[in-house]
Amino acid sequence: MNTGQVWSIERIRDALGSPDLSRRFVSEIGRAPAHEVLTVFAKWQGIAERTLAAVERGRQAAAAEAAGGEVPGEWIDITQKVQEDAALIRSRGAACS
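My numbering puts the first residue of the sequence shown at 397, with every later residue one more than the last.
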């Protein structure tokens with residue numbers, strides 16, 4: 397990730413990587429009152445920066461795994477908690493459409 401590049405509306409839109417997120421960003425920045433534009437821009441710039449950083453970490457992890465090495469970082473298995481949470485949500489009917 398090249399952090400020396402200047403952030404623009406176009407760069408943020410492209411960095412988000414999701415058409416839905418990009419539309420949401422453009423809509424939000426377009427509807428913001430003039431005095432809030434910089435705040436909205438800064439919020440989405442942060443989201444874009446974190447997205448790019450996550451993509452880079454994913455690429456590094458994939459490269460390490462492909463090379464037969466350990467995926468870097470500390471990993472905590474929360475599978476059981478996710479399954480318990482999903483069961484609770486289903487039991488409340490929140491997953492029904």
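In case anyone wonders, no lab produced these hints; they're calculated from the structure. Even glycine gets a Cβ: it sits at the ideal position worked out from N, Cα and C. Worth double-checking, as some hints may not be accurate.
No more than 25 Å apart at the CA atoms, straight line, and that leaves these computed lysine to aspartate or glutamate pairs for DMTMM-like [claimed, not checked]:
# : residue 1 : residue 2
1 : Lys439    : Glu461
2 : Lys439    : Asp410
3 : Lys439    : Glu406
4 : Lys439    : Asp416
5 : Lys439    : Glu452
Now the in silico label distances, taken between C-beta atoms and shown as ranges [to be verified]:
#  : residue 1 : residue 2 : range
6  : Ala449    : Pro415    : 36 to 46 Å
7  : Ala430    : Gln476    : 44 to 54 Å
8  : Arg407    : Gly489    : 39 to 49 Å
9  : Arg427    : Trp471    : 35 to 45 Å
10 : Gln401    : Ala482    : 14 to 24 Å
Right, here's what the structure says about each hint:
no.	hint	result
1	Lys439 to Glu461	33 Å, violated
2	Lys439 to Asp410	15 Å, holds
3	Lys439 to Glu406	15 Å, holds
4	Lys439 to Asp416	17 Å, holds
5	Lys439 to Glu452	20 Å, holds
6	Ala449 to Pro415: 36 to 46 Å	21 Å, violated
7	Ala430 to Gln476: 44 to 54 Å	50 Å, holds
8	Arg407 to Gly489: 39 to 49 Å	42 Å, holds
9	Arg427 to Trp471: 35 to 45 Å	40 Å, holds
10	Gln401 to Ala482: 14 to 24 Å	40 Å, violated
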